[in-house]
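Could you put together the complete structure from these sequences and hints?
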Amino acid sequence: MLTALIVMSGIALVLGGLLGWASVKFKVEGDPLVDQIDAILPQTQCGQCGFPGCKPYATAIAKGEADINCCPPGGEEGIRKLADLLGREFKALSAEHGVEKPKQVALIIEDTCIGCTLCLQACPVDAIIGAAKQMHTVVAPLCTGCELCVPPCPVNCIVMKTVDESVDNWKWKYPVVEIRKAS
Amino acid sequence: MNLFKFNGGVKPDYHKDESVSDPIAKAPLPSQLVIPLHQSIGGIPHPLVRPGQKVLKGERIGAADGNVSSAVHASTSGKVIAVEPRLMPHPSGLSALCVVIEPDGEERWIEKGRLDVNSTPPDVLRDFLRDAGVVGLGGAVFPSHLKLKAGKSGGLEALIINGAECEPYITCDDLLMREQAETIVKGAATMQTMLTAKTVLIGIEDNKPEAFEAMKAAVAKLAEKTMEVVMVPTRYPAGGAKQLIRVLTGKEVPHGTRSTDYGVQCFNVATALSIYRALEYGEPLISRIVTVTGNVGRARNYEVLLGTPVSELVALADPRPDTNRLIMGGPMMGFTLPGNTPVVKATNCIIAGSPKLFPEPPPEMPCIRCGSCSRACPHDLQPFELYWFSRSKNFGKAQEYFLFDCIECGCCSYVCPSNIPLVDYFRFAKSEIWAREKDKDAADSARVRFEFRTEREEREKAEKAARLAAKTAAALEAAAKAQAAAPAPGEAAAPAADPAAEAKKALIAAALEKARAQKEQVHPANTEHLTPAQEAQVNEAEARRAQAARLAETAGKTTDGT
Chain L
34 MLTALIVMSG IALVLGGLLG WASVKFKVEG DPLVDQIDAI LPQTQCGQCG FPGCKPYATA
94 IAKGEADINC CPPGGEEGIR KLADLLGREF KALSAEHGVE KPKQVALIIE DTCIGCTLCL
154 QACPVDAIIG AAKQMHTVVA PLCTGCELCV PPCPVNCIVM KTVDESVDNW KWKYPVVEIR
214 KAS
Chain D
1174 MNLFKFNGGV KPDYHKDESV SDPIAKAPLP SQLVIPLHQS IGGIPHPLVR PGQKVLKGER
1234 IGAADGNVSS AVHASTSGKV IAVEPRLMPH PSGLSALCVV IEPDGEERWI EKGRLDVNST
1294 PPDVLRDFLR DAGVVGLGGA VFPSHLKLKA GKSGGLEALI INGAECEPYI TCDDLLMREQ
1354 AETIVKGAAT MQTMLTAKTV LIGIEDNKPE AFEAMKAAVA KLAEKTMEVV MVPTRYPAGG
1414 AKQLIRVLTG KEVPHGTRST DYGVQCFNVA TALSIYRALE YGEPLISRIV TVTGNVGRAR
1474 NYEVLLGTPV SELVALADPR PDTNRLIMGG PMMGFTLPGN TPVVKATNCI IAGSPKLFPE
1534 PPPEMPCIRC GSCSRACPHD LQPFELYWFS RSKNFGKAQE YFLFDCIECG CCSYVCPSNI
1594 PLVDYFRFAK SEIWAREKDK DAADSARVRF EFRTEREERE KAEKAARLAA KTAAALEAAA
1654 KAQAAAPAPG EAAAPAADPA AEAKKALIAA ALEKARAQKE QVHPANTEHL TPAQEAQVNE
1714 AEARRAQAAR LAETAGKTTD GT
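Just so you know, the sequences run in chain order L and D. Just so we're aligned, residue 34 is where the first sequence starts under this note's numbering, counting upward by one. Just so we're aligned, residue 1174 is where the second sequence starts under this note's numbering, counting upward by one.
Calculated directly from the structure, the hints in this document are not laboratory data. Cβ coordinates follow ideal geometry from the N, Cα and C atoms, glycine included.
Partial selection, computed: residues in chain D whose CB lies under 8 angstroms from chain L:
#1 His1211
#2 His1263
#3 Pro1594
#4 Tyr1598
#5 Arg1600
#6 Ser1604
#7 Glu1605
#8 Ala1608
#9 Ala1616
#10 Arg1622
Listed below are the simulated DSS-like cross-link pairs for lysine-lysine, each with C-alpha atoms no more than 25 angstroms apart in a straight line:
#11 D/Lys1611 - L/Lys88
#12 D/Lys1570 - D/Lys1611
#13 D/Lys1566 - L/Lys204
#14 D/Lys1611 - L/Lys134
#15 D/Lys1613 - L/Lys124
#16 D/Lys1570 - L/Lys206
#17 L/Lys136 - D/Lys1566
#18 D/Lys1613 - L/Lys88
Residues from chain L that keep clear of chain D, each with C-beta distances beyond 12 angstroms, as calculated:
#19 Ile39
#20 Lys60
#21 Gln81
#22 Gly97
#23 Ile141
#24 Val183
Here it is in structure tokens:
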């Protein structure tokens, strides 16, 4: 009896010590779930979800404070991926947060720009260059199309332009079987 | 020489005899040249000309965008009439920026600068070839200067010159080898020097005996001892780079590696010729040989200026009335042109198609897993598995089955008893994966920029707060000191003012002092070199201003007084 107790408690002590050591040694910095969610989000940093950026939204989803269908730029595909990752049911995009749009980039109409720098301060990804009383311009490849620069402009010189299909971003279409011909 | 074999491959009808009876003809100057700026893999060249500008033959009209890009040139002398989007020879049927030139018929060349291969450093040679617009003319249009670099292990074991030309209908390399064998061999020798290759192997399929003899004679005449012309068995796609390397050297280039790492590099015969022309004569790539064949009266090879509209080119070969479409490239890998596009660097062949020649493909039927496609695949892939994954958009799995090793040769579609357009599915999956990767990269860079910006904003805020705190502390100290220095006379006043108010006052005083100092420091910038008259004028204005200030002061005093 005593031997059994000693043996069992000995094993428990050793294993407990091992676990304790492992939790210190292999401590995970940050929340990996947040990073996984953040990797799915489109990083437009547009704030349409009601959070100041994609990371805060990811954190909120991980904590269960926000739903997965609040991100219009991520669209349906993004929601599906989040649902897969988190093991939740797919939900349609919540209408109050906006609608899914094709990819856009901001364009500053340079004739109208007065160089007020307000859009520079609004751009979450530093994609606008310019200085006070100098013309500003959008670096199109860096623009995420978040539209945050549009409302601050005092002269309404920023327009959102849909990215057109070109030879460089054209994709092969899914081969379609014509049912009428096949039958 | 001991040859090796690759697995798979097919033997379609070759249809090469139609276009080899006549020698290469020079296509006449077209009414208009439409030269697309983006004709190679890599960055889109920047236009260097404006509408209305006169250009000379061989003048650079598009500068390479970075190193992974290639320049474009005016194919003849004339006037630029537009720089605008025009229909591209691309399956999408979309337009892209082109330079439209109206030829003046003079064919006046720009001054040609040639380079000596032996005395010029390799980097300069490569930049020269980039600016001469030399790209692979086998169909992939990869910039040649990027390939003319010895691998990690130093010099090459073998340089392979690809004269296999395995795709049906196409005979442009065949005729080029027959007619310009010596120039090709000289070009190969130049490349051998640049790459420090031990041997050069020229691979030609055995259905081109005339080209083989011509090349052999040229090698013998130029006494190239390290060069060998090799006949390889005719089987599609023996002209694929990896297939030819395997047949000639027995080396199989593994997934995700380059052939240079294994001491082998492969170039097309026409590329060898254009490299030689660029270096020896200073002629950029402005024309190429194009086979015009199919449903035409006189199939033939033409030397065509880049930018020539295909309609004008095909008209030379007398197309039959039932021609309903034009195919660029061969029947296995080519695509139907979306309209009257220009001839570009990638255009090796134009096939006039008719419903009789290329009937509508029969309807696609379900895959029966017969395995014909995997037996036909020259790359030892499992096309039916790739098909399932591409069809169900399971892209990760498709990549696990090495989708990106597929060279889209079309053997699998050719043998499929269910008429499944397998390559179409693979192309769809590939472009979808590329697009997703691009989106992912863009998102990652946006994340980095956003995080950097947030961090910067926080840092700036903290710095500002620190500065303010330091200032307040300094002011407080100054106020305390002032109190300590003069305690005797203001003993009655001192307790009344509490230290905080005192500090605030000191702060305001400091700010005022600073503003005054700044004002004094400012000098008018344009008063250094003045004529006496101007100086007098300035002095007068200053005097007036001083007087006004005095008047205002006295007026203020009087109002105070009253």
